[in-house]
Structures are given as structure tokens and as C-alpha cells.
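Visitor: Here's the letter readout for the chains.
Protein chains: 2
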Amino acid sequence: MFNFKQPFNFASAMSKTELTEKQLAIMETAEKLIADNGYDGTSIRDIAHAADVNVAMISYYFGSKEKLLQAIFERRTEYWRTNLESLIEDKSVGSFEKIYKLIDNYVEKIFNQTCFHRIMAQQQMTNEDSPIKDLILETKKGNQELIKRLIQSGQKKGDFKKNVDTALMMTTMMGTINQLLTTQHHYKVLNNLQDLSEEEFQKQIKKKLSTHLKAIFKAILQNEE
Amino acid sequence: MFNFKQPFNFASAMSKTELTEKQLAIMETAEKLIADNGYDGTSIRDIAHAADVNVAMISYYFGSKEKLLQAIFERRTEYWRTNLESLIEDKSVGSFEKIYKLIDNYVEKIFNQTCFHRIMAQQQMTNEDSPIKDLILETKKGNQELIKRLIQSGQKKGDFKKNVDTALMMTTMMGTINQLLTTQHHYKVLNNLQDLSEEEFQKQIKKKLSTHLKAIFKAILQNEE
DNA sequence: TAAAATTAAACAAACGTTTAATTGAGATTG
DNA sequence: CAATCTCAATTAAACGTTTGTTTAATTTTA
Chain W
1 MFNFKQPFNF ASAMSKTELT EKQLAIMETA EKLIADNGYD GTSIRDIAHA
51 ADVNVAMISY YFGSKEKLLQ AIFERRTEYW RTNLESLIED KSVGSFEKIY
101 KLIDNYVEKI FNQTCFHRIM AQQQMTNEDS PIKDLILETK KGNQELIKRL
151 IQSGQKKGDF KKNVDTALMM TTMMGTINQL LTTQHHYKVL NNLQDLSEEE
201 FQKQIKKKLS THLKAIFKAI LQNEE
Chain Y
1001 MFNFKQPFNF ASAMSKTELT EKQLAIMETA EKLIADNGYD GTSIRDIAHA
1051 ADVNVAMISY YFGSKEKLLQ AIFERRTEYW RTNLESLIED KSVGSFEKIY
1101 KLIDNYVEKI FNQTCFHRIM AQQQMTNEDS PIKDLILETK KGNQELIKRL
1151 IQSGQKKGDF KKNVDTALMM TTMMGTINQL LTTQHHYKVL NNLQDLSEEE
1201 FQKQIKKKLS THLKAIFKAI LQNEE
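From first to last, the protein sequence lines are chains W and Y. Going left to right, the first sequence walks through residues 1 to 225 as the numbering used here numbers them. Going left to right, the second sequence walks through residues 1001 to 1225 as the numbering used here numbers them.
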């Protein structure tokens, strides 16, 4: 007899289904590998082997290599804004306190997802347009809009200087964090911290970075009249 | 008759020869392409086509794709330190003036070689050891040592604070510059500057960036006793 | 027993590199 | 001065791998 059975295609059937354990395992393995070796430097076979699944499973679940990356981005960018919104509205928190909390929030979030943010830094560098770059730009636009409002409210209260270049300020924050993220090893070597355990080093660097950024933001924002 | 003629191998014959026009053309084309699409995202055929030479010429001149990248790095890192040395020794220049000159120097150099520095930023991100990463680390080590001396001399004169984290300070400088370099387009969009000519934009951004960094460094370094 | 998950194998295209043959310009020769 | 020789420069074609993706068959699950 003939067999008319159609092959099932998961990728095209998946619209907003929950992610299975296996899909998550693939995504997290891919995150680590791509962060280390770059998107083009990581093959589907590398990922499949490290995640201990068949090569075909990646196309089966995600459709393609690029869509896998997109899935990673969608997962990680989902919960960015939410708690920023509430911070801005909170009337019981002072202007500088808000900024400080913002910094802690960024540092904490980024250092809790180092692999993903290293990938984001990579992707920002490429010069081709892509859905992912659009996603990054939209996220950034939203964030910067929120922060602009935060600063404007501080200016109205007389706490902050006028004429603050928000974009340049955010560039310094993201730039400093990214630079530290991508050159952690250099930082370790240059400061003779190789003996520290990875965990201890992360803890120290997060604290130092936070303090450092707060001092910078204070200097940029503080009204000295 | 038999032909015993050995093929000439340029790559292994070249030790410290001057670069020909053609080699320079290849290197500069490669710089642009790799900056835009990444090292693994750029094929030898892409480079050869853009530089209008045969694919084999690249292996012929440089030996391999990786050695081409190395040649680019050697060309660009050659003249980094020289004029920093003299700046530090100069007794007629004040502590802050020296720092400001240092900043201008970095901004100017990096923005005059944007493609190369975008490649450098890419390479710093990868997690594999390579001769190129070693070269970057050595250059950084040397620079940081010089800057440490610059700061220590300012501290002795009582101009600068004690307990300055030089590495973190440099991280902020390089991070801010790199971030701006890699997200110039985002910066343009986020600040509605799309109408400016590229040249005018570069000029403006260099000036703004310089001022911005000087303000930050002043805040970090200034002794307030 | 039907649908979904998983597999090994195959696919064409692109990759970095090498080969072997040809071209071209300058030196050497008759 | 023309002919010859020499060797670097240049070429098209081929090399063996690796790439992302698809196929068709098999196993698992319910």
C-alpha cells in the first residue's frame, strides 16, 4: 500500500506554544556557544552535538538557524520593561535613588544573562538589517523614552541639571557594562585577580561596577546651583 | 624536457617587506567587509571580489585568511604607543590637561580607523585564544601601564584623588567609544539626526563624545579636599 | 493505530586552500 | 636590436570539508 502520511512540521505549527524542555536545552546551549564563538562561528552541528540532540531537531523545532536566534531573543527580551515602568511612577522614591535603582537593575539583569547580552553586543555590531536588529532598536527606543521621562521629572524637581544628553549617558552605561562583559578576562589579568573564584569575582565586579556607574551618573546629572 | 620550476610562494618569502599597493587594497577592503559582517561572516571570495583580485591572490600574498587578519592588526597597532610616551614625560602640561589630551588622542585615533576598531571590538568578544587576542592584550597592558603612571604623577601633585580604579576608568572610556562606534546608526535614529551628512555627523559626535568623556574623567579624578 | 518525535543519510551550496597552467615585464643573450 | 630566458604575478579550475537544510524511514508515545 501507499503511505500518504504527511511529515509533521513543528516549526510552522508552533505559534505561541510553551517551550518544551528539549527546546529550552537547545536554546541555552546555543546561547553559550554563540556567545563564545559568534553566530557565524557556531554551526548547527556544534549546537546539536553540545545539546546532545540530532541535527535535524533544530530545523524541526525552530525552522532554521536564524529563527533559533530569533527565538532566543524573543525569550530574553520579553520581560525587560515591566519593572522599569513602576519605578518611574513611584512618588516615594527620590530622583537619584531612582537612577541608582535603574543602574542596579541593568547591572543585575545583564550579569545574570551574560551569554545573551554578549550575543546582543555582537549583533549590534553587524551592519546588515535584520529582524533581530530591529527588535534591539525597538527595545532601546522604549527604554530610552522611559529614562528620558525619569530625567525630565528629576529636572522639574530641580534635582538634575538641564541639557543632559540622555543617549550619550546611556551609551556610557551600556558601553561600560558591555566592555566589562566582553573583556572580563582582560580585566582579571590586568588587575591580578586570577586567583579569585569565578563566583567571587562576579560578585566583586558587579559591586564595583555599580558604584562606579553611580558616581559617573551623579557627576553628569547633579545640579550644582 | 621536464619543468622543474618551483612555484614562488610570496607569503613565506615575506618577512618585513614593504606592502605593495595591491596588498594594501586587499587589506583595506577586508577591513571594511569584516567590520560590517564579522570575520566568519566574510568569505575570502567576498574580499577578493570586492577588491577585484583573484581568490588565490589572498593565499598567495598572506598565506591564509587568518594571517590576513593578523597582517591588518600588525599594520594598525604599530604606531599606538609612541606619542603617549612623550605626553607623559612633558613637564609643562598640567595633570588634567594631560588626561584631556589623552582622551582627544583616543577619540581621534579610533574615529579615524573606525573599521579596524570595530574589528578589534569583535575580536575581543570571542572566547578562544589566538595570536590576535594576545596582541590586543599586550597593547592594552602597555597602555594601561602608561596611564597608571600618568595618574600616579597627578596624585603625587595632589591634583587627583587617591584610590582610582584605572582599569575601570579605561573600561568606561573604551566602552563608551566602542558602544558609540558600533551603534552609531542607533544613536542617529534615537536622536533624529538622520538628515545630517555623514561627515557632519562624525564631526559633531567626536566633539560631543570628547566633552562627555572629559566631564566624566574630571568627576572621577578630581580631588575635592 | 495514528500522530509526533527522532534518526541516519543525502542534498546542493559555500567554504578556505591548492594546483597547474599561463601571462607579463625585465634581464640576458647572440 | 631582436630573440630568448627567467621568474614573479595572475588565472581558472579543482580539492576536500563543512555548511544549513531536507528527505524518508523508523521509533516512541498515547
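For the record, the hints were derived by calculation from the structure and aren't laboratory data. All figures in this text were calculated on a predicted structure; none of them were measured in a lab. Check each hint, because a few of them may be wrong.
Derived DSS-like pairs: lysine-lysine, alpha-carbon spacing no greater than 30 Å straight-line [as the list claims (entries may be wrong)]:
1) K1188(Y) with K188(W)
2) K141(W) with K188(W)
3) K140(W) with K1162(Y)
4) K1022(Y) with K218(W)
Looking from chain W toward chain Y, a few residues come up when the C-beta cut is under 10 Å (computed) [what the hints assert, rightly or not]:
5) S64
6) Q124
7) E128
8) L146
9) L150
10) I151
11) Q152
12) Y187
13) L209
Don't be surprised by glycine CBs; every beta carbon is placed ideally from N, CA and C.
Visitor: Hint by hint, note whether the structure agrees.
Guide: Hints, one by one, checked against the model:
no. : hint                  : verdict
1   : K1188(Y) with K188(W) : violated (34 Å)
2   : K141(W) with K188(W)  : violated (33 Å)
3   : K140(W) with K1162(Y) : violated (36 Å)
4   : K1022(Y) with K218(W) : violated (52 Å)
5   : S64                   : violated (16 Å)
6   : Q124                  : holds (6 Å)
7   : E128                  : holds (7 Å)
8   : L146                  : violated (13 Å)
9   : L150                  : violated (16 Å)
10  : I151                  : violated (14 Å)
11  : Q152                  : violated (16 Å)
12  : Y187                  : holds (6 Å)
13  : L209                  : holds (7 Å)
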